[in-house]
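Enquirer: FYI, the numbering for the sequence shown is 309 to 512, going by the working numbering.
Misleading hints may appear alongside valid ones.
Unchecked claim - The calculated BS3-like cross-link candidates involving lysine-lysine, where the alpha carbons are at most 30 Å apart (straight line), are: (1) Lys444 / Lys420; (2) Lys417 / Lys444; (3) Lys444 / Lys392; (4) Lys411 / Lys392; (5) Lys320 / Lys444; (6) Lys392 / Lys417; (7) Lys502 / Lys320; (8) Lys444 / Lys411; (9) Lys503 / Lys320; (10) Lys420 / Lys392.
What the hints assert, rightly or not - Per label pair, the in silico range of CB-to-CB distance: (11) Lys444 / Met309: 17 to 25 Å; (12) Tyr393 / Arg436: 23 to 31 Å; (13) Asp506 / Glu388: 45 to 53 Å.
Keep in mind the hints are simulated off the structure, nothing from the lab. None of the values given here were measured: they were computed from a predicted structure. All residues carry an ideal CB built from backbone N, CA and C; glycine is no exception.
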Amino acid sequence: MYASGGTTGDAKYTFYSNEEYRNATDVLAFIYREAGIVEQDIVGNLFVAGNLWTSFNVAGRALENIGCLQLPIGGTTSFENMIKYLETFQVTALVGLPSIMVKLAEEVKSRKSSLRISKILYGGEHLRPATIAYLKGILGCTIVRSAGYACVDTGPIGFQCAFLPGTLHHVLNDYQIVEILNTEDVPPNLGDAKKCSDGVPGEI
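Construct the entire structure; sequences and hints are all you get.
Expert: Put into structure tokens, the structure is as follows:
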């Protein structure tokens with residue numbers, strides 16, 4: 309059982325069967341591979357655990373599916389310990405929230421740490437180009453990429469490959485049917501919403 313973040317209202321709760329959970333994390337492992345994570349990576353999981361949130365758990369399962377060594381550090385760990393773990397175990401990649409990644413980079417800079425992280429996959433929040441440049445400058449990243457587009461209700465929806473910049477994502481056509489709807493002047497239940505024409509923005 310997992311809960312949405314509640315950013316558009318009260319949190320919604322979604323039940324996953326074990327089979328559905330395995331399928332979703334198999335797809336997430338594919339997303340991480342496409343984004344650049346490989347079996348040889350040592351990955352720090354900086355998503356936040358608890359509160360019925362999905363990200364920490366599903367990220368751990370996806371990394372397990374890839375076969376890489378993972379450190380379940382968590383986003384609420386003190387930055388002193390976080391940096392210690394990342395340096396001690398020579399972590400090559402991170403998955404987590406952008407706000408935590410940025411604070412980590414600030415702490416690395418202020419402590420004059422020599423920590424370098426090759427790859428960052430982020431999810432749950434937007435990451436502006438200037439912030440990506442900042443992370444690359446402080447941590448020496450060669451890859452800063454989306455950890456996938458998803459929601460609790462449906463699981464993974466989209467992914468980034470090496471050729472998609474910014475907020476662009478491929479749709480997981482083998483896993484999801486995605487419709488972009490025009491929700492302007494439509495009742496909240498979206499019962500009368502119409503599909504958008506190609507190139508017209510709308511809501512998923």
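Enquirer: Hey, lysine 417 versus lysine 444, does the alpha-carbon distance stay inside 30 Å?
Expert: Cα-Cα ~12 Å, so holds.
Enquirer: Hinted pair, alpha-carbon criterion (30 Å max): lysine 444, lysine 411. Please report holds or violated.
Expert: Given pair lysine 444, lysine 411 holds - Cα atoms ~14 Å apart, limit 30 Å.
Enquirer: Could you grab the alpha-carbon distance between lysine 411 and lysine 392 and see if it respects the 30 Å cut-off?
Expert: With a Cα-Cα distance of about 15 Å, the restraint between lysine 411 and lysine 392 holds, given a limit of 30 Å.
Enquirer: For lysine 502 and lysine 320, compute the direct alpha-carbon distance and say whether it is at most 30 Å.
Expert: With a Cα-Cα distance of about 24 Å, the restraint between lysine 502 and lysine 320 holds, given a limit of 30 Å.
Enquirer: Tell me if the straight-line CA distance from lysine 444 to lysine 420 falls inside 30 Å.
Expert: 16 Å, holds
Enquirer: For the pair we were handed, lysine 420 and lysine 392, check the Cα-Cα distance against 30 Å.
Expert: 13 Å, holds
Enquirer: Need the status of pair lysine 392, lysine 417: alpha-carbon distance at most 30 Å?
Expert: Cα-Cα ~14 Å, so holds.
Enquirer: Taking 30 Å as the top limit, are the C-alpha atoms of lysine 320 and lysine 444 close enough?
Expert: Roughly 36 Å between the alpha carbons, so the hint for lysine 320 and lysine 444 is violated.
Enquirer: Return holds or violated for the Cβ distance of aspartate 506 and glutamate 388 against the range 45 to 53 Å.
Expert: 51 Å, holds
Enquirer: That 17 to 25 Å hint for lysine 444 and methionine 309 (C-beta), does it hold up?
Expert: Given range 17 to 25 Å: violated, Cβ gap about 38 Å.
Enquirer: Are lysine 503 and lysine 320 close enough, with their CA atoms no more than 30 Å apart?
Expert: 24 Å, holds
Enquirer: Going straight from one Cα to the other, do lysine 444 and lysine 392 come out at no more than 30 Å?
Expert: 20 Å, holds
The structure shown violates the earlier hints numbered 5, 11.
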